[in-house]
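Which chain is which? The protein sequence lines are A and B, in order. Take the first sequence: its letters are residues 1 to 390, numbered as in my numbering. Take the second sequence: its letters are residues 1 to 156, numbered as in my numbering.
Quick caveat, the hints were computed from the structure, so don't treat them as lab data. Glycine residues also receive a C-beta, built at the ideal position from the N, C-alpha and C atoms. One or more hints might be untrue.
To be verified - Here are some of the chain B residues that sit facing chain A, going by a computed Cβ distance under 8 angstroms:
#1 Leu38
#2 Glu86
#3 Leu91
#4 Phe96
#5 Gly99
#6 Phe102
#7 Leu106
#8 Arg150
#9 Pro151
Stated by the list, open to error - A short list of chain B residues far from chain A (calculated; beta carbon distances all over 10 angstroms):
#10 Ala31
#11 Ala82
#12 Gly112
Each chain, letter by letter, is given below.
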Amino acid sequence: MSREDRSLRGAAAVVGVADDVSPTGELDRTGRELEVAMVLDALEDAGLTLADVDGVCHPESAVAFAEYLGLHPTFVESTMTGGSSYEVHVEHAAAAIAAGVCDVVVSVYASTPRSDRTRKRARPRRGMPGPNPMAEWELPFGLRLPMGPYALAADRHMHEFGTTSEQLAAIAVATREWAALNPRARYRDPLTIADVLASPLQVSPLHLLDCCLVTDGAGAFVMTSAARARTLRKPPVYVLGAATCTDHLGITQMPDLTTTPGAVSGPRAFAMAGVGPADVDVLMGYDSFTITALLHLEDLGFCAKGQGGPFAAEVGLGPGGSLPMNTNGGGLSFTHPGMYGMFLITEAVRQLRGEGEKRQVDGAEVAVAHGSGMFLSVMSTAVLGTAATL
Amino acid sequence: MSTEPAVPTERTVPTRFEPPVGDESGPFWEATREGRLLVQWCTACDQGVFYPRAFCPSCAGAGGARRALEWREANGRATVHAAVVEHRPELAGASFAHGEPFCIALVDLEEGVRMMTNVVGCPPGDVHGGMAVTVTWEPMSDGRQLALFRPTGEGS
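Take the sequences, apply the hints, and build the full model.
Put into structure tokens, the structure is as follows:
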């Protein structure tokens, strides 16, 4: 079977989305109550009900969540790749739908780290199962997680390519300009490069404002086949291409600190979609830290390796710029509950439906949701498009 | 900000997280008791393997994966690949640093493997990519020692 025969292009679509965030950074609801609300909201957005669902994605246990919902799904997907989990779910759901394994898939996320802290709610502590080389070879040295590995990548990028803190800060500034247009964003005040550089150093070279927020947040999406999507309430957002790659877990094992596995997942997803970086109207690139977003610009092919610094500072990533990136205000200014990838999808879908309100990118037809998981470890790229792109 | 070096002031620092011993890494940790730095070596592809494994990941597709790995003693010399400074040790839970900023680095041993460490014996902000460093040992509570590094030619 050739690669073309396995293409998922246009086979499935995102037909419903929902999310819940607050400018306070805190939500009233938590846990299963919040997850169920997101699923019901996303199904309502699609014009579907729980009775239609035969596929369930949940990065902890799809089985436990399906039981809670009272569903009997034929597709359960519990892949947990950190922040990119939801892009992986898009890929796997599209594949399952295309293969006839299931027809209507929901994926859900709810995390309330901020209000858990202020309300002193107990949070389950989860360790990684199995052997743990990170505990043996990294944790003794006091590298703060998740920030430290990203700081190491930033340091090496600066060393090899002359990238500057000012160039990294330009990403935070452009992202804040988008957040100013989003009434649900946590931070909306104008931000300057000087502000970022004046914020306290954390793990150098990263400043506090190079780092994402810690907020509550929740979301869900619904996917179905292209044929069924055309019968539903909202304009379908088609999965044109999707691909995932991992090349390490712990940062010590990353083959090249300045090249992420997005250099594999991005080109594969674009090839499946039949489009390239020049065709992208909206880039939703996971911004756990400014360096994360900078590496996406290079690895997805928007600029050459090593040129991410000057490119980010000059291309125009903000409103009115030539490469609108993270139009909801991103993990840096909108919300970041821990596994932010869900919000890449909800915003990409809204942009492609023309539901972006003040932050709408005119005529958006192609959007990329590019998730980053763990410690630059797992990249997953979903290329999404309107009916006009099929 | 202090420019004092983040050198532990006591020879045994029980507040540092002490690493578990993995299934394949017993010989590595035993050798640290004598101040010897071991790396695994794959005789099939003639390169180092780190962290310790039951097989060589570089040979995985080349037929050498089932060849036994051997242990070799490293000379302790390395080059800094990337280095960062933790400016808020309390947020990192790193009480071994006595509240002072400290350096975490990835260093490339001359034998070709990369490991994480703390570079000590100089101000943490002075550590930079390309810097020559040499292993120095910090005892742990059970007699094993942790491989830290210091600038080559600085002290002993």
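Practice prompt. Could you work out which earlier hints the structure fails to respect and list their numbers in ascending sequence?
Written response: Numbers 1, 5, 8, 9 and 11 - these are the hints that the structure violates, sorted from lowest upward.
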